[in-house]
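Protein chains in written order, with full-length UniProt numbering: chain A, 1 to 294; chain B, 1 to 308; chain C, 1 to 366.
If you are wondering where the hints come from, they were derived from the structure by calculation, not from laboratory data.
The C-beta atom is built at its ideal place from N, Cα and C for all residues, glycine as well.
Don't take every hint at face value.
Residues of chain B placed beyond 12 Å of chain A at every Cβ, according to the derived structure [to be verified]:
| # | residue |
| --- | --- |
| 1 | I45 |
| 2 | P60 |
| 3 | G63 |
| 4 | N73 |
| 5 | D74 |
| 6 | V84 |
| 7 | V92 |
| 8 | V97 |
| 9 | E107 |
| 10 | I226 |
| 11 | Y254 |
| 12 | G281 |
Pairs of lysine to any residue, SDA-like flavour, derived with a Cα cap of 25 Å [unchecked claim]:
| # | chain 1 | residue 1 | chain 2 | residue 2 |
| --- | --- | --- | --- | --- |
| 13 | C | K7 | B | R17 |
| 14 | A | K196 | C | R101 |
| 15 | A | K189 | C | K104 |
| 16 | C | K73 | B | K114 |
| 17 | B | K16 | C | R348 |
| 18 | B | K114 | A | G24 |
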Amino acid sequence: MNLNMNLYSRGDKAFVYMNMFLVGLFTISTLYPFIYIAALSFSSGDAATSGQVVLTPVDVTIEAYKRVLSEPMFWTSYKNTFIYTLFGTITSLLIIIPGAYALSRPQLIGRRFWNLVVAFTMWFNAGMIPFFLNMRDLGLLDSYFGIIIGFACNAFNIILLRNFFEAIPSSLEEAARMDGANEFQVLWKVFIPLAKPAIATITLFCIVARWNGFFWAMVLLRDEQKIPLQVFLRQMITQLSDDDEFASTLIESVYSFETVSAAIMVCSIIPVLFIYPFIQRYFNKGILLGGVKE
Amino acid sequence: MQSYNEKLAWLGRHLKREWQIYVLLAPTLIWFIVFLYKPMYGLQIAFKDYSVFKGIVGSPWVGFEHFTTLFGNDHFIRAIKNTVIISSLSLVFGFPVPILLALMFNEILNPKFKKTTQTIVYLPHFISTVIIAGIVITAFSPSSGVVNLLLQSLGFDPVYFLVKPEWFRPIFIGSGIWQESGFSSIVFLAAMAGVNPALYESAVVDGASRWQMMWKITIPCILPTIIIMLIIRIGNLLEVGFELIILLYQPATYDTADVISTYIYRQGLQAGQYDLAAAAGLFNAVVAFILVMSANTISKRLSNTSLW
Amino acid sequence: MSGVALKSIVKSYGETTVVHGIDLEVKSQEFVVLVGPSGCGKSTTLRMVAGLEEISAGEVTIGDRLINNVAPKDRDVAMVFQNYALYPHLNVADNIAFGLRIRKTPEIETKRLVAEVAKILGLEEYLDRQPKDLSGGQRQRVAMGRAIVRHPKVFLFDEPLSNLDAKLRTQMRAEIKRLHKRLGVTSIYVTHDQVEAMTLADRIVIMRDGYIEQVGTPMEVFNHPINTFVASFMGSPAMNQVNATLVKTEHGYCAQIGDRLVSLPQSQQLEDRVGKEIVVGVRPEYVSIVPLEGTQGVPIEVDLLETLGSEALLHTHVGDAVFVIKAETIDGLEHLHALKEIYFNPSRMTVFDAETGIALNHPTMN
């Protein structure tokens with residue numbers, strides 16, 4: 001459908017260019033907040049507090065980053081986030097992949113029922129308080145393990161992968177069984193290699209969710225030594241808006257509260273930017289949409 | 001009895017043959033039971049005078065007392081009102097944007113430009129709520145934020161946006177649109193990719209302009225998707241991004257910002273009134289369940305395909 | 001090598017029964033083809049032998065071993081699937097070796113066996129290719145290679161050629177036949193294509209609605225169909241079936257078609273049907289367009305003539321019944337267009353009871 005531009009009428013050309021202009025405008029406005037934060041993080045404290053930073057850094061300096069990188073809590077929380085992301089994602093995959101496979105097998109007795117058990121949790125949820133009390137009763141407050149296991153699974157990911165498994169021709173499973181494979185081997189040697197795109201998508205979503213997760217970490221973790229980066233960042237930001245007395249300790253001429261916060265935000269976004277191209281690869285494969293329907 | 005024994009024997013043979021898939025299913029089921037179904041059992045505290053020492057089962061029943069308390073409480077009523085208002089406004093202002101965006105992406109001819117712009121507008125979806133909040137707080141800061149700088153340069157007085165109740169909703173909804181519009185457009189782009197190219201080709205032969213093709217072909221073809229997405233959104237009316245609200249609101253803005261989830265968070269997790277908060281949560285969950293189920297039924301009837 | 005025996009095999013899903021107690025004995029090294037229209041239970045039967053479907057009742061034995069409750073992998077059978085079921089993520093060599101590796105065959109032995117099979121099937125050049133880069137015929141060969149590499153006791157084929165185009169199908173058909181001759185493995189082959197059944201089978205099993213209609217060599221079922229269903233299912237074009245009345249004349253039993261008397265194969269079976277309605281079955285190939293002694297001609301009207309080259313198909317009708325004739329074109333087409341009468345050779349006719357459709361002069365009944 002993409003004809004040579006010369007073949008377009010004047011009206012169509014105007015339309016095409018106008019459209020490009022509008023899309024460009026939207027894109028720039030999407031991008032701007034990131035640029036703004038990045039600019040702040042490289043500006044001097046004075047420039048930031050006196051409101052000179054709009055688009056590009058003013059009095060370029062890396063003092064804010066130096067301050068961030070010398071903050072022990074930054075490193076502790078960064079390390080924690082890394083632990084939660086790594087082990088959380090592994091745990092998620094260890095639960096989701098076998099479960100989705102089992103739920104996709106026609107020979108599973110009560111398959112409809114088990115699928116309903118999973119899907120029902122998308123529509124009805126006990127809510128914050130019972131979940132919290134349950135975690136407390138399980139002794140999972142303030143523990144690495146609690147954060148890792150408590151959020152390892154969700155109905156959406158299971159259904160997404162189950163649909164993918166269901167789309168694999170059953171004759172492949174049958175052929176593998178005839179070839180002597182047991183269920184574990186069928187899953188490991190046939191279905192997992194074939195579901196790579198779907199598993200990659202789920203993995204990336206788990207990673208992003210883990211990296212960004214903050215609410216339950218904030219609620220469940222009391223020990224400062226266990227909090228993830230997002231909770232640390234949140235503490236900084238609330239102080240920013242509350243004008244906490246701690247904030248005043250950060251006011252120096254070379255960095256300010258604003259620039260330090262901005263620097264932490266940048267440090268937190270960078271890993272996401274790093275895996276973002278991998279996520280992008282799966283956008284157009286329709287896998288993301290597969291989960292919408294059962 | 002014979003057939004019962006037969007069934008049992010059959011089950012025995014089946015398990016002997018297929019035990020492995022049950023082993024594979026077990027972790028998932030156990031997880032769902034321990035982390036999602038056990039809390040449902042714990043929901044009973046909504047009808048109990050919950051005491052930490054007596055536990056969930058041991059605490060005495062109080063019937064609907066908590067619900068009576070809740071509906072007599074101005075703050076809870078306010079939270080319901082705010083939930084519905086914020087959600088509806090998000091729908092009205094936020095729903096059309098991804099559709100427009102998808103239509104615009106669809107009309108871009110230069111593949112490189114298309115890919116770059118798409119990459120950028122999808123990005124905010126993957127950014128954490130805390131950072132979104134951080135950006136908002138920084139940008140709307142009264143002394144140094146870029147928004148106030150702009151206002152000042154235009155001759156206005158600086159506004160302390162985040163303590164003004166009337167500004168909370170626009171800021172919240174605006175940041176939601178900024179974060180999610182791009183990513184939400186994927187669904188519509190996928191629907192457009194499914195339109196038969198022959199339709200456009202015959203339209204070109206018939207001399208249609210691109211503007212006409214958009215209105216006469218693209219939009220009618222993606223209308224079913226639009227309707228279904230709209231129904232899903234209405235079904236999720238009670239779901240507001242409460243994490244962002246928790247990060248952005250302050251006692252000064254509770255009037256317009258406090259929603260059911262944040263109310264539950266404050267009453268339950270911050271003030272320790274677990275039973276009352278659980279009752280509010282149960283109310284929320286039941287209404288949400290009814291909405292979602294109705295949405296599913298309607299869309300099933302409209303499209304003959306279930307959403308789940 | 002071992003044979004396969006099915007004793008009163010039943011398959012039901014809840015209330016619906018799709019296979020109603022089938023008995024079948026496949027001898028060692030025999031090539032048996034199950035054929036029938038879709039939904040006749042042929043694939044289900046095969047899958048029960050494979051172990052992919054549970055056997056609701058009855059017994060299946062391979063050799064002397066009862067395998068009802070034996071897992072597919074332990075039955076020592078191999079199966080070729082309709083859609084080939086090649087593992088898309090593995091190359092040809094790994095596809096063929098998959099079963100060996102699962103069974104922990106030493107790697108050297110695996111390599112040797114794969115090479116051997118590749119040679120038999122002419123796949124040596126393609127061992128590194130991915131399935132998606134192969135043609136339909138090559139994929140088919142890989143699927144066969146995967147089956148034969150394990151040297152199973154029994155081969156099972158589930159419509160293996162139906163995804164191929166007509167030309168390739170003919171070619172692969174011959175190849176399967178050759179392979180069977182060479183390896184001599186007991187084979188059960190399912191197809192809905194009667195030509196495949198005719199060309200491949202040592203014995204054909206014709207199924208309908210979960211029952212076996214007839215078992216016999218290709219020539220037996222072709223020449224002596226046991227009922228009108230088999231008669232119309234086997235052979236292409238199908239056997240012509242003309243309604244007639246059975247009469248007894250001084251020349252013996254005859255079929256009265258309109259006002260003509262057509263001699264029938266003489267059989268004691270016919271005696272108590274005299275005066276009753278029958279169906280006369282004549283294959284298009286066995287119709288004579290020149291007069292035959294001792295029988296009257298049957299008047300026809302030619303509706304359409306399809307030329308196939310050396311032969312032509314005449315679409316005609318006898319009374320109200322459609323009647324197809326296969327005739328040689330060696331003498332030109334004019335006289336075929338002008339054809340007014342045809343003649344049936346009594347020894348090439350089958351007589352069916354009009355009510356039950358069962359053959360009245362079947363050799364097994366005499």
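Checked hints:
Its closest Cβ contact with chain A, about 7 Å, brings B:I45 to no more than 12 Å, contrary to its assignment away from the interface. At the 12 Å boundary, the C-beta of B:P60 stays outside the reach of chain A, the nearest C-beta of that chain being 17 Å off. No beta-carbon of chain A is positioned within 12 Å of the beta-carbon of B:G63; the least distance is around 18 Å. Every beta carbon of chain A lies more than 12 Å from that of B:N73, the smallest distance being close to 16 Å; the non-interface claim holds.
In this structure B:D74 is separated from chain A by more than 12 Å, as the shortest Cβ-Cβ distance comes to about 21 Å. No Cβ of chain A comes within 12 Å of the Cβ of B:V84; the nearest lies about 18 Å off, and the non-interface call holds. Residue-level check passed: B:V92 sits 19 Å from the nearest beta carbon of chain A, beyond 12 Å. A beta-carbon of chain A is positioned within 12 Å of the beta-carbon of B:V97; the least distance is around 9 Å.
At roughly 5 Å, the least C-beta separation between B:E107 and chain A is not larger than 12 Å, which violates its mark as non-interface. With 12 Å as the threshold on Cβ separation, the claim that B:I226 sits away from chain A holds: the shortest Cβ distance comes to roughly 14 Å. A cut-off of 12 Å between C-beta atoms confirms that B:Y254 is not in contact with chain A; the least separation is 15 Å. B:G281, annotated as away from the interface, has a beta carbon of chain A within 12 Å; the closest lies near 3 Å.
At most 25 Å may separate the alpha-carbon atoms for a hinted pair to count; C:K7 and B:R17 meet this at roughly 22 Å. Our distance criterion of 25 Å between C-alpha atoms is met by A:K196 and C:R101, whose separation comes to about 22 Å. As the CA atoms of A:K189 and C:K104 are separated by approximately 14 Å, the hinted pair is consistent with the 25 Å bound. Distance hint between C:K73 and B:K114 is unfulfilled; the C-alpha atoms sit about 52 Å from each other, more than 25 Å.
Under the criterion of a C-alpha separation no larger than 25 Å, the hint pairing B:K16 with C:R348 is inconsistent with the structure, at around 55 Å. Taking the CA atoms of B:K114 and A:G24, the gap is about 10 Å. The hint holds against a cut of 25 Å.
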